[in-house]
Amino acid sequence: MPELPDVEVYRRRLVDATRRRRVDGVTVHDTQVLRGVGRRRLDSALSGARFVRTRRRGKTLYAVTSHGPHLRLHFGMTGDLVVRDDDEEVPAHTRVALRLSGGRRLLFVDQRRFGQVGVVDDVDDDIAAHDLGPDALDLDPAALGELLHGSSAGLKALLVDQSQVAGLGNIYTDEVLFHARLDPRSPAADVGNAGVRRLHRQLHRVLDRAVAAGADPRSMPRGWLIHRRTEDAECPRGNGPIRSFPVGGRRGYWCPACQDGRG
DNA sequence: GGCAATGTTAGCCG
DNA sequence: TCGGCTAACATTGC
Numbered sequence: 073m074p075e076l077p078d079v080e081v082y083r084r085r086l087v088d089a090t091r092r093r094r095v096d097g098v099t100v101h102d103t104q105v106l107r108g109v110g111r112r113r114l115d116s117a118l119s120g121a122r123f124v125r126t127r128r129r130g131k132t133l134y135a136v137t138s139h140g141p142h143l144r145l146h147f148g149m150t151g152d153l154v155v156r157d158d159d160e161e162v163p164a165h166t167r168v169a170l171r172l173s174g175g176r177r178l179l180f181v182d183q184r185r186f187g188q189v190g191v192v193d194d195v196d197d198d199i200a201a202h203d204l205g206p207d208a209l210d211l212d213p214a215a216l217g218e219l220l221h222g223s224s225a226g227l228k229a230l231l232v233d234q235s236q237v238a239g240l241g242n243i244y245t246d247e248v249l250f251h252a253r254l255d256p257r258s259p260a261a262d263v264g265n266a267g268v269r270r271l272h273r274q275l276h277r278v279l280d281r282a283v284a285a286g287a288d289p290r291s292m293p294r295g296w297l298i299h300r301r302t303e304d305a306e307c308p309r310g311n312g313p314i315r316s317f318p319v320g321g322r323r324g325y326w327c328p329a330c331q332d333g334r335g
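Quick note, the working numbering runs 72 ahead of the 1-based positions in the first sequence.
Note that these hints are calculated values from the structure, not bench results.
By construction, the Cβ of each residue, glycine as well, lies at the ideal position given by its N, Cα and C atoms.
Wrong hints could be hidden among the right ones.
Estimated spans, in silico, between C-beta atoms of each pair [as the list claims (entries may be wrong)]: (1) H101 to A285: 28 to 36 Å; (2) N311 to V124: 47 to 55 Å; (3) D262 to E161: 50 to 58 Å; (4) R125 to H299: 31 to 39 Å; (5) D210 to S138: 21 to 29 Å; (6) P293 to P313: 17 to 25 Å; (7) V162 to D197: 26 to 34 Å; (8) G97 to A164: 21 to 29 Å; (9) G312 to E161: 41 to 49 Å; (10) P293 to R323: 17 to 25 Å; (11) E161 to G264: 53 to 61 Å; (12) A261 to V162: 45 to 53 Å; (13) D158 to G264: 50 to 58 Å.
Sequences and hints are given; from them, build the entire structure.
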């Protein structure tokens, strides 16, 4: 799940949960998700801190403290951020718990443990170190056009490349391309200016709508591809069967009848 | 049992 | 150098 909309939902949850509260300490249940820190350093770095603002770049979330270090979270394939009162039981697969003042905990839950919890001294340095491109929602149509037309990669391959655009993963790339009616397999550079504009518009429409749905697919419109990610499923527009194709070691889904490429 | 699943990363190849 | 592919990471569910 954790692509841009999910992480944006987690960001808002973190802001709500930590407002006017202090981190009293950190409990690490599983050190495997720690990145670049041990449990002692994570605890000492955050104990007593307040989060003064947050930043999200693509799928990476930062909670900024007044003097650093800052908390860095990446949710991998199955990461989640949940809030519990101290007297409530923690969910299965809770890996790290931030104990907050006022009897509440912010929990990093991650079944498959591909997620990452760490601290960084400087957010911009960390973004550079991970070679993250601009956030998908920060690209204006001109910048998006330049990105596409300057690339020799396939359209979907380009969009899921975090160093080019940060935030899109397998699911939402397919969704956006479906609504923009673009062929995911076509060369990015072949997308015409009308296609670039559609892509830009749908990028915002789909991601904003997904955030509004709390990133829960069940709350997303019935006409979305996300409900039909199966070979031979019926296209939501009724135009024909959904097909799949391989991209970067996973499967993409699209409607060949709707998504005719060009623009 | 086999296979695929939203993530990143390293290594290989052309 | 770049793009694309594979495997690895860990776990679950069909």
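- Query: Of the numbered hints stated previously, which ones are contradicted by the structure, given in increasing order?
  - Reply: none
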